[in-house]
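Number of protein chains: 2
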Amino acid sequence: MMRVEPNAPSQLLQAAVEQFASLPGVGKKTALRYALHLLKQPQERVSLFVSSLDKFRKEVRHCQVCSMITDDEVCPICRDKQRDHSVICVVESIRDVLSIEATGDYRGVYHVLGGVISPMDGIGPSDLTLNQLVERVKSGSVQEVILALSTDMEGETTSFYLYKLLAGHAVTVSAIARGVGFGDDLEYADQLTLSKSIANRQLFTPNI
Amino acid sequence: MMRVEPNAPSQLLQAAVEQFASLPGVGKKTALRYALHLLKQPQERVSLFVSSLDKFRKEVRHCQVCSMITDDEVCPICRDKQRDHSVICVVESIRDVLSIEATGDYRGVYHVLGGVISPMDGIGPSDLTLNQLVERVKSGSVQEVILALSTDMEGETTSFYLYKLLAGHAVTVSAIARGVGFGDDLEYADQLTLSKSIANRQLFTPNI
Numbered sequence: 009m010m011r012v013e014p015n016a017p018s019q020l021l022q023a024a025v026e027q028f029a030s031l032p033g034v035g036k037k038t039a040l041r042y043a044l045h046l047l048k049q050p051q052e053r054v055s056l057f058v059s060s061l062d063k064f065r066k067e068v069r070h071c072q073v074c075s076m077i078t079d080d081e082v083c084p085i086c087r088d089k090q091r092d093h094s095v096i097c098v099v100e101s102i103r104d105v106l107s108i109e110a111t112g113d114y115r116g117v118y119h120v121l122g123g124v125i126s127p128m129d130g131i132g133p134s135d136l137t138l139n140q141l142v143e144r145v146k147s148g149s150v151q152e153v154i155l156a157l158s159t160d161m162e163g164e165t166t167s168f169y170l171y172k173l174l175a176g177h178a179v180t181v182s183a184i185a186r187g188v189g190f191g192d193d194l195e196y197a198d199q200l201t202l203s204k205s206i207a208n209r210q211l212f213t214p215n216i
Numbered sequence: 009m010m011r012v013e014p015n016a017p018s019q020l021l022q023a024a025v026e027q028f029a030s031l032p033g034v035g036k037k038t039a040l041r042y043a044l045h046l047l048k049q050p051q052e053r054v055s056l057f058v059s060s061l062d063k064f065r066k067e068v069r070h071c072q073v074c075s076m077i078t079d080d081e082v083c084p085i086c087r088d089k090q091r092d093h094s095v096i097c098v099v100e101s102i103r104d105v106l107s108i109e110a111t112g113d114y115r116g117v118y119h120v121l122g123g124v125i126s127p128m129d130g131i132g133p134s135d136l137t138l139n140q141l142v143e144r145v146k147s148g149s150v151q152e153v154i155l156a157l158s159t160d161m162e163g164e165t166t167s168f169y170l171y172k173l174l175a176g177h178a179v180t181v182s183a184i185a186r187g188v189g190f191g192d193d194l195e196y197a198d199q200l201t202l203s204k205s206i207a208n209r210q211l212f213t214p215n216i
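From first to last, the protein sequence lines are chains A and H. Take 9 as the starting number for the first sequence in this note's numbering and just add one per residue. Take 9 as the starting number for the second sequence in this note's numbering and just add one per residue.
Read the hints as simulated data drawn from the structure, not as lab findings. Since the structure is predicted, the reported quantities are computational estimates derived from the model, not experimental observations. Hints should not be assumed to be uniformly reliable.
Where chains are identical, the list cannot tell them apart; a pair therefore holds if satisfied intra-copy or between any two copies.
Here are the computed lysine to aspartate or glutamate pairs in the DMTMM-like style, where the Cα-Cα straight-line distance is at most 25 Å [said to hold, decoys possible]:
| id | residue 1 | residue 2 |
| --- | --- | --- |
| 1 | Lys48 | Glu26 |
| 2 | Lys48 | Asp80 |
| 3 | Lys48 | Asp113 |
| 4 | Lys66 | Asp198 |
| 5 | Lys63 | Glu26 |
| 6 | Lys172 | Glu162 |
| 7 | Lys48 | Asp160 |
Chain A extracted, bound-state conformation (with noise of 0.2 Å):
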């Protein structure tokens, strides 16, 4: 239905819509509605709206310390006294951090890795920030890593080489507890899933 053609009323819409189209999920559709709901705005909203996204890749940098995007140098999480910083949970994106800070539990900090080893895709160790992870476990106040990492093969591959890597130091190695999540039903959960979480058990501690 809303096809636009190459003799479309206007190449500076056809445009528009090809940009917004290169979104990750946005249809031809979506983008079209996009960027009519533009044409609506007062030119200064649309003006704000550009240049921020502009800025925003412009002048966004990656911490020193964890690579978390971060406007200055360091991040936040990283400044932060008042964080555990002998605690590093280990993360394979941005996404993951802003997931856990969202749950306002974690008092440790974070190390961004930017990917899992996956050979298929060509990333290699050292395309990731493992290097800068030992460096900061060698600094000495490092007592534990938490691996965050994903549970399918490249993010399995990847916490196995970290753990490796962090062998010679001395630091307590522990990944993030899987098994069927809280209000999940039993028969929904895959079998994989079910049968890791009987296998690590632990003492039931009631809730009074």
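Assemble chain H onto chain A, guided by the hints.
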């Protein structure tokens, strides 16, 4: 899960997410996805993204004849000598023109009202391009005006208003056919559509 807090790691990210979340149907989570996608793109790609949208909003105009959006004074449809300028299809929005154009079957021209009369939203006849339509009809070469407005109260009111406005002029006023869609099951058609489609039945013409 994806709450981005005031004390988030990056105010620049926060601002970009807010801007994306201002698009219709985009929540914070999707906005974050879009922003992180931009971060992964080369700088030039993002510059193109941003400049295309900016240019679109700044330079796109409304056709002086039919009010469709265009890059020039008069849109390609109104400039097209091959089209039938004696038939004008009256629609509410730019999007309606794109939908009808996508069928590839209509050879007449358009008139975009820019909305419908809606006292509740403070939109009166003077906020729409009604007078421009009357001027086009007055010019003498127009033989038919096809009303293709929505069938809600505002659309019907606008259609009736236009009908009265055009009553004194030598022009046929028609309305697009309403009925059960091709391929639609009768049992899923709403009662009004079904009852009207029986009342407005036409002679059967076999497709051979």
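Hints versus structure:
1. Lys48 with Glu26: Answer is both: 19 Å inside a copy and 18 Å across each meet the 25 Å cutoff.
2. Lys48 with Asp80: between (35 Å within a copy, 19 Å between copies)
3. Lys48 with Asp113: neither (42 Å within a copy, 29 Å between copies)
4. Lys66 with Asp198: Answer is neither; intra-copy 43 Å and inter-copy 52 Å both fail.
5. Lys63 with Glu26: both (21 Å within a copy, 13 Å between copies)
6. Lys172 with Glu162: within (15 Å within a copy, 70 Å between copies)
7. Lys48 with Asp160: between (45 Å within a copy, 22 Å between copies)
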